[in-house]
Amino acid sequence: MRRFITVVGIISILSLTWMAFIKPSADQQVTDTLRVEQKSPVIDSPGEDEAPEFSGIKKFWEYTGFRNATIGHLGMIAIGLLFIFLAIKYDYEPLLLIPIGTGILIGNIPFFQDGGFNLQLGIYQSGSVLNYLYFGVLKGVYPPLIFLGLGAMTDFSSLLSNPRLMILGAAAQIGIFLTFLGALLLGFAPPEAGAIGIIGGADGPTAIFLSSRLANGINLLPDGTTVANLIGPIAIAAYSYMALVPVIQPPVMRLLTTPKERRIRMKPPRSVSRLEKILFPIIGLLLTSFISPSSLPLLGMLFFGNLLKESGVTKRLAETARTSMVDIVTILLGLTVGASTQADIFLTRESLLIFVLGAISFVIATAGGLIFAKGMNLFLKGDNRINPLVGAAGVSAVPDSARVVQIEGLKADPTNHLLMHAMTPNVSGVIGSAVAAGILLSFLG
Amino acid sequence: MLSFLPFIMLAGIDRQAGVIVVIGYLIVFLVLVLLYLVFRYVLPLFFKIKLYRRAAKEGRALDDSELNVMTGEVNAAIATAIYLYFSELHDEESNIITIRKVSRSYSPWNSKIYNMRNLQR
Numbered sequence: 001m002r003r004f005i006t007v008v009g010i011i012s013i014l015s016l017t018w019m020a021f022i023k024p025s026a027d028q029q030v031t032d033t034l035r036v037e038q039k040s041p042v043i044d045s046p047g048e049d050e051a052p053e054f055s056g057i058k059k060f061w062e063y064t065g066f067r068n069a070t071i072g073h074l075g076m077i078a079i080g081l082l083f084i085f086l087a088i089k090y091d092y093e094p095l096l097l098i099p100i101g102t103g104i105l106i107g108n109i110p111f112f113q114d115g116g117f118n119l120q121l122g123i124y125q126s127g128s129v130l131n132y133l134y135f136g137v138l139k140g141v142y143p144p145l146i147f148l149g150l151g152a153m154t155d156f157s158s159l160l161s162n163p164r165l166m167i168l169g170a171a172a173q174i175g176i177f178l179t180f181l182g183a184l185l186l187g188f189a190p191p192e193a194g195a196i197g198i199i200g201g202a203d204g205p206t207a208i209f210l211s212s213r214l215a216n217g218i219n220l221l222p223d224g225t226t227v228a229n230l231i232g233p234i235a236i237a238a239y240s241y242m243a244l245v246p247v248i249q250p251p252v253m254r255l256l257t258t259p260k261e262r263r264i265r266m267k268p269p270r271s272v273s274r275l276e277k278i279l280f281p282i283i284g285l286l287l288t289s290f291i292s293p294s295s296l297p298l299l300g301m302l303f304f305g306n307l308l309k310e311s312g313v314t315k316r317l318a319e320t321a322r323t324s325m326v327d328i329v330t331i332l333l334g335l336t337v338g339a340s341t342q343a344d345i346f347l348t349r350e351s352l353l354i355f356v357l358g359a360i361s362f363v364i365a366t367a368g369g370l371i372f373a374k375g376m377n378l379f380l381k382g383d384n385r386i387n388p389l390v391g392a393a394g395v396s397a398v399p400d401s402a403r404v405v406q407i408e409g410l411k412a413d414p415t416n417h418l419l420m421h422a423m424t425p426n427v428s429g430v431i432g433s434a435v436a437a438g439i440l441l442s443f444l445g
Numbered sequence: 001m002l003s004f005l006p007f008i009m010l011a012g013i014d015r016q017a018g019v020i021v022v023i024g025y026l027i028v029f030l031v032l033v034l035l036y037l038v039f040r041y042v043l044p045l046f047f048k049i050k051l052y053r054r055a056a057k058e059g060r061a062l063d064d065s066e067l068n069v070m071t072g073e074v075n076a077a078i079a080t081a082i083y084l085y086f087s088e089l090h091d092e093e094s095n096i097i098t099i100r101k102v103s104r105s106y107s108p109w110n111s112k113i114y115n116m117r118n119l120q121r
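The listed protein sequences derive, respectively, from chains S and H.
Quick note: the first sequence uses the working numbering, first residue 1, plus one each step.
Quick note: the second sequence uses the working numbering, first residue 1, plus one each step.
So here's chain S without its partners, still in its complex pose:
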């Protein structure tokens, strides 16, 4: 509880600071640009009677971070430090939050960029190293590689032993579609709303993949305007909420289930043959990609990675995919997504709305899984009943939400282990959110 209050308290303080200094609208941006244009000649042309050494010092001062810092930069640095704090102190997704937090620090070091001057430093400045690395995010290269690693490290035997729990993974995807509607109601364009909606899938790579296709700042809307670039806010929101799964989910789980329901014991999973494990990625790939071909980059790689693991004859490839390769991509993805939150581009009203919608969609997705599991129990009896907590793992934050289910299950009954059962909706949630991303892409792309 103390942990919850600490996290919520820090986030509220940062949000209030953010709201106080947020860019109100596009008009304000225009005024800022005008002001910059007026200011730039002063920098470029020092006074004629000024001594050259003073001119050099002045120029150096103009280039330092202290001269160029804004309250937005400082606010974002505080958020980066919060991420690092959460990762180290509370162990919330440290593999993600440390690279993202550091990326936020790197992306928000203020530097001279008046009048569009290109020092080739920032992530949005062409020719900079960060810009080259950001290419993988912009073009959706990193997410399929993450999925390859995910496939190579996931054991689907829990899913194969009790396949009916897969449906819970579908139920939890309600978060995606309701958030899509919510974003439309708040005035986002349909492609932007689709990209925002996918936060409800609780799957970082999928969120990046879809936002890089739908809300990339390049595509044109039917009215001729350009779609907003929301990759940064969506990715940060998705990964932040994934890291905060242990904070967000338990209150919803306790609210929607009774102590008696939380103590329900489920039948132990059966053992699964090697042939079944080999057939799963092949059948899964063919079935899902025939129905939703747009999700092929994600699901194709997921099932390919799993086949590398389960075939038993490509151990070296599977080992590389699940260790070195996924680690490298995670570092690059985390760092560049973090760095993409450059204050002058990231701190907007839209970003704040995305964060609010993301939190709501996580709660809806969790509730969707829980309520559906309770609904299934109406038709099941005896040993076949499902512990509704397992439904909460339908959000595809693998394996965090399954771990949260296990912890909550143990709190209700210290001898009731739900981890293996929760892994089924968890991994099927990954498949479900990738399919949902494919559907949104085919409708809105």
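Keep in mind the hints are simulated off the structure, nothing from the lab.
Because the structure is a prediction, the values reported are computed rather than measured.
Each residue gets a CB set at the ideal place from its N, CA and C atoms; glycine is no exception.
Keep in mind that a hint or two might mislead.
Pairs of lysine-lysine residues, derived as DSSO-like cross-links and limited to a Cα-Cα distance of at most 30 Å, are as follows [unchecked claim]: (1) H:K57 - S:K277; (2) S:K267 - H:K101; (3) S:K277 - H:K48; (4) H:K57 - S:K267; (5) S:K277 - S:K267; (6) S:K411 - S:K260.
Simulated DEER-style distance windows between Cβ atoms [unchecked claim]: (7) H:D14 - S:G217: 37 to 47 Å; (8) H:I23 - S:E62: 23 to 33 Å; (9) H:A55 - S:P94: 50 to 60 Å; (10) S:I291 - H:S87: 21 to 31 Å; (11) H:R60 - S:H417: 31 to 41 Å; (12) S:H417 - H:F86: 52 to 62 Å; (13) H:S94 - S:P94: 31 to 41 Å; (14) H:L89 - S:T415: 30 to 40 Å; (15) S:L95 - H:I78: 32 to 42 Å.
Knowing the structure of chain S, use the given hints to seat chain H on it.
Frame of chain S; chain H shown alone:
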């Protein structure tokens, strides 16, 4: 599911968005339900047929134990029992004690007389 459409439209959202939500959610369900059906009914049936054909080839009837599926817990219990059995085998010793003679051949490198300085008397 389609009955939600009027509510979505009442909320002031475009009809197409409503269609995306309804169709999209149904497709997600369809994919996972199809996977469920394949792995719950089709594959087990395929395995059962395979077992029957093998038994028929060997000219015997299928045993019930062959059709029953063991849970992971049963497997774990069997594995633990086997592990304990083999680890306990260590207690049965042969009771023959052999002392192996360790001999080192002489070498001037380990000789003590060369380690000390020969002081003149």
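Here is how each hint holds up against the structure:
1. H:K57 - S:K277: Cα-Cα ~26 Å, so holds.
2. S:K267 - H:K101: Not OK: K267 (chain S) and K101 (chain H) at ~61 Å, beyond 30 Å, violated.
3. S:K277 - H:K48: 17 Å, holds
4. H:K57 - S:K267: Cα-Cα ~35 Å, so violated.
5. S:K277 - S:K267: With Cα atoms ~20 Å apart, K277 (chain S) and K267 (chain S) stay inside 30 Å; holds.
6. S:K411 - S:K260: Holds, at roughly 12 Å.
7. H:D14 - S:G217: 37 to 47 Å: 23 Å, violated
8. H:I23 - S:E62: 23 to 33 Å: Given a distance of about 55 Å, which is not inside 23 to 33 Å, the answer is violated.
9. H:A55 - S:P94: 50 to 60 Å: The hinted range 50 to 60 Å holds for A55 (chain H) and P94 (chain S), with Cβ atoms some 53 Å apart.
10. S:I291 - H:S87: 21 to 31 Å: 51 Å, violated
11. H:R60 - S:H417: 31 to 41 Å: 39 Å, holds
12. S:H417 - H:F86: 52 to 62 Å: 27 Å, violated
13. H:S94 - S:P94: 31 to 41 Å: Given a distance of about 53 Å, which is not inside 31 to 41 Å, the answer is violated.
14. H:L89 - S:T415: 30 to 40 Å: 32 Å, holds
15. S:L95 - H:I78: 32 to 42 Å: Taking Cβ atoms as reference, L95 (chain S) and I78 (chain H) lie about 36 Å apart, which means the hint holds.
Checked against the numbered hints above, the structure violates hints 2, 4, 7, 8, 10, 12, 13; every other hint is satisfied.
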